[in-house]
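Going line by line, the protein sequences match chains A and B. According to my numbering, the first sequence is numbered sequentially starting from 1169. According to my numbering, the second sequence is numbered sequentially starting from 67.
Treat the hints as calculated values from the structure; they're not laboratory data. Incorrect hints may have been included.
[Unchecked claim] Looking from chain B toward chain A, a few residues come up when the C-beta cut is under 10 angstroms (computed):
#	residue
1	Arg475
2	Ser519
3	Met525
4	Ala536
5	Ala537
6	Gln618
[Unchecked claim] Result set (DSSO-like, lysine-lysine): computed pairs, CA atoms no more than 27 angstroms apart in a straight line:
#	chain 1	residue 1	chain 2	residue 2
7	A	Lys1197	B	Lys526
8	A	Lys1431	B	Lys445
9	B	Lys434	B	Lys445
10	B	Lys438	A	Lys1431
11	A	Lys1301	A	Lys1262
12	A	Lys1283	A	Lys1312
13	A	Lys1171	A	Lys1262
14	B	Lys506	B	Lys438
15	B	Lys445	B	Lys526
16	B	Lys526	A	Lys1431
17	B	Lys434	A	Lys1431
18	A	Lys1270	A	Lys1301
19	B	Lys590	B	Lys648
A virtual CB, placed ideally from N, CA and C, is assigned to each residue, including glycine.
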Amino acid sequence: MIKPVLLWSDALILLLLLTVAALVWLARKNDTFRAPWRQVMASRMGFVTASILAVYAGIGLLDSMHYVERLPSAPGQQAQYSGEVFSALDALLKPLRVNVEKTYSSPLATHLYAKETVQGPDGVERRDYPPLKYPGTHLLGTDKVGQDVLYLSLKSIRTGLLIGTLTTLIMLPFALSLGIAAGYFGGRIDDAIQYLYTTLNSIPGVLLIAAAVLVVQVQIEAHAEMFNTAAARSDVRLLALCAILGVTGWTGLARLLRAEALKLRELEFVQAARAFGVTDARILLRHLLPNVMHLVLISVVIDFSGLVLAEAVLSYVGVGVDPGMISFGNMINGARLELAREPVVWWQLAAAFVFMFVLVLAANLFADQVRDALDPKSRGRA
Amino acid sequence: MSGLVVENLRIEIAAGGASNPRVLKPVDGVSFEIGANECVALLGESGCGKSLTALALMRLLPDGGRVASGSVRLAEEDLFALTEAEMGEVRGGRLAMIFQEPQTSLNPVMTVAEQIDEALMAHRGLTGAAATEESLRLLESVGLGADKLDAYPFQLSGGQRQRALIAMMLAGEPEVLIADEPTTALDVTVQAQILRLLKDLQQQRGMSLLLITHDLDVAHDMADRVAVMYAGQIVEWASSDALYAAPRHPYTQKLFAVLPRLDRRGERLDSLPGRVPGPDTLFVGCRFADRCPVAFERCRVETPAFHEAAPGHFARCHLADSADESTSRRVRHAHQITPNGAHGAPYAAPLAVVLEVRDLAVHFPIRKGLLKRTIGHAKAVDGVSLQVAAGETLALVGESGCGKTTLARAILRLIEPTAGRVSLLGEPLAGLRGEALRRKRAEMQIVFQDPFSSLNPRMKVGEILAEGMAALLSLSAAAQRERVADLLNQVGLPADAVGRYPHEFSGGQRQRIAIARALAVEPKLLILDEPTSALDVSVQAQILNLLADLQQQHGLAYLFITHNLSVVSYLAHRVAVMQGGKIVEQGEAETLLTRPENAYTRLLLDSAPGRGVGS
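Using the sequences and the accompanying hints, generate a full structural model.
Below, the structure is given as structure tokens:
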């Protein structure tokens, strides 16, 4: 028996999915909306990268369907649930999850990576590589505590995607509204917004993030009853990280949009709209925003790639996600010591590297395709 | 012989990408020659292939473009047979080119001297003191003083930049100078100076000059021989005198017929239907047949040969030699000249005054320093008074920077005026706020110069037209749709334009959309800010006719801002000449244009092309 659990981040992902689905449904008849995407999917590069991204997203979504298992209880007693939260991905990958070795083993190995004192069948103790419990099943080897590295890599995808997407979504409203408003209105509004982002930019990012994470940590401990599972606690910490990255990360895009809006507001279609007495809000929404969307799209994808990497860097420094949460950053953090070992344990780092590399590369190449498709100048060429 | 000979030049551009490869032929068999000490004008509307021809001569075709066949010989040397390194010697040396935009053809972080020295070093090996001396001599020859040697491009005016660029190009002592629309971006008085300079330099140095232009008058003033291009081919090639006296190709004849001029006041301008066919069109027969008023069956099946219709006068038309005078008459006859009461009509007693401007001033504060204290004012508009009546066109003439656009924006309250009064239909605009101002906005609208930036590329035409109605008129959705359809019909656009985006339309059609957008809110006053200066002459004629029709139908008052005096002389009832933020002369068009009293007005009129370049 299981009981579904909705973590905060799951709720946000669900909301995001519903929004995207609604937008696609509304725009399904709009040919100018569909044509560029059709063009992207028609190109080989676009199709391949979109497929890769879809696989990543699928894994991330499976990993966002959380549940707790019901503990066996005596009849008539109230149902008791386990404190450990699993996801649909955990269920699918159960063999990988439960087939735990004692410690490091290299990819597809049959024996452990380090020699131990083992008792032979003849009762004599020898130093030798002990055989694995599940030889040849660990495609990417196992880590220090014997967990399957492939399982860890797949579980890290959700964390990476979540940081990339949520942070971008938190950042976008700031960047869009403040950037365009600064460029369009100019004067004191521009001064104020510029002052704000120059100040934000001059505070060292890691310092700000470290401080924010510590504050959240304290808050979680103060309200322990709200976060009764380890998963819920690390989830909140992840969201806090996204929030702080988002609140500080909008400055670059805002600066870009301000410059573009400065240019656009002098264009004659904006002047014509003003001559009609169209309200400022409507001019921002109808005339400026659609004309900066190509910039937004490109920089969002580039930021997304950067954020997946930033998570790794921050976890390495120790202010990233919860150490108990499986993420690329924590995998790399662990690899720091493994690389200092002799012989070197390389597969955990290699696995994190390959999974991140494929995700970021696919996202960048896909964005290139989308940008080409959305650019009216290149549309004629294809 | 010396000079430049172009034979059967064909340019192909690969387009369509890998999935759908197409070959465009923007230039298809162009032959002409420029003798030593001769000026040849390559004349044509946009998209006819004249700039690509020039780039091909320099071997500077853009990516994807290549010379498919033909030869270019500079003093008997085949340029297409040279290696790239050898061509590098020729380019900027014996064969030099100046471009349209003086702003972008000079490097902004190098001084004029450095840029001229670069050319001197590359082509004549001059350095140090010798180079400085030579740069100075070159600058003097283009009429710039020694003090401009150490100036950066931003410190120079547009005309000075063009002079500096010419000096740079002269550094290599070219035998042939190609000038691609060298004065299009310049004011009319500066244009006259630059054209005179080019003419003088060409004669003093015995250079050949290839002048690429769309302006018939400029070509007439400058060229010894003129080649008229249409759809990638030369359709007529003759000495300037012969061509302007009796054009033989119907296209050339039409180009003359669509020009607005003082003596065409009151007439409806002839128009050239349709547009220049694109470079991907497959032609059968004559390329001009679809738009030609005298086309007959043979034109549709047989491509006319490029032949000598009269001594030294070549044309690509079946009718060129058979009928000297009668073709021309028939071209003119095919278009019924209808008197047009809306404009150019004898100036009657003024009707109701729509717009009245009194002592309007717009001063921009100049702020300096950390605290941005105001240290002075730039007086963009400095005490302007004018009035426009219903059904009347007031032309506001002036050069760039004289404040005419600022004046327009101040009238519309897009900029707050510093002082003065603007009243519309007797009601002062100053102090109006919120709803009252919005209602007043419906009575005055503006049409801008650039048909590309004046329409939001991400809105459909229907949405663009409905925007003003939604903001200013309270109409039901059905009434709005009906009105949009009606507007499209009025400006001569198909009804299915509603669902299309601006980029699907040509420049002239976009200008029609912009006019329809302004008309949507039923204004009484239309401010036209250079509405035709970005358009080809044939399209300009269509738009001017449309404006005349609309004025007649709706009794609109036009404030027509322009620098083009031929348009003014054709269209305006009254003219106001603006200089340095002030109106220096104002009066009825015919009087002012024929008997100007102000010195500046006279200078403007004398600078207009078509009166010879002077000496």
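Is it true that the CA of Lys1270/A sits at most 27 angstroms from the CA of Lys1301/A? 9 angstroms, holds
Taken at face value, is the distance from the CA of Lys1262/A to the CA of Lys1301/A at most 27 angstroms? 16 angstroms, holds
Would you check the hint for Lys1197/A and Lys526/B, treating anything up to 27 angstroms between C-alpha atoms as holding? With Cα atoms ~15 angstroms apart, Lys1197/A and Lys526/B stay inside 27 angstroms; holds.
Would the hint linking Lys434/B and Lys1431/A be met if the CA-CA limit is 27 angstroms? With Cα atoms ~23 angstroms apart, Lys434/B and Lys1431/A stay inside 27 angstroms; holds.
Against the 27 angstroms threshold, does the CA-CA distance of Lys526/B and Lys1431/A hold or violate the hint? At roughly 22 angstroms apart (the allowed maximum being 27 angstroms), Lys1431/A and Lys526/B satisfy the hint.
Measure nothing beyond the straight line between the CA atoms of Lys1171/A and Lys1262/A; if it is 27 angstroms or shorter, mark the hint as holding. OK: Lys1171/A and Lys1262/A at ~18 angstroms, within 27 angstroms.
Please check whether Ala537/B passes as an interface residue: C-beta within 10 angstroms of a C-beta belonging to chain A. This interface hint holds because 5 angstroms falls under the 10 angstroms limit.
Would you settle whether the hint for Arg475/B is holds or violated, based on the nearest Cβ-Cβ distance to chain A being less than 10 angstroms? 7 angstroms, holds
Between the alpha carbons of Lys1431/A and Lys445/B, is the straight-line distance 27 angstroms or under? Distance of about 24 angstroms is within 27 angstroms: holds.
Run the distance test for Lys1283/A versus Lys1312/A: straight-line Cα separation, threshold 27 angstroms. Between Lys1283/A and Lys1312/A the Cα gap is close to 14 angstroms, so the pair holds against 27 angstroms.
Interface hint for Ser519/B, Cβ within 10 angstroms of any Cβ on chain A: Holds, because the Cβ-Cβ distance from Ser519/B to chain A comes to roughly 5 angstroms (cut-off 10 angstroms).
Given a cut of 10 angstroms on the nearest C-beta pair, is the interface hint for Ala536/B held or broken against chain A? With a minimum Cβ separation of about 8 angstroms from chain A (threshold 10 angstroms), the hint on Ala536/B holds.
Checked against the numbered hints given earlier, the structure breaks hints 6, 14, 15 and satisfies all the rest.
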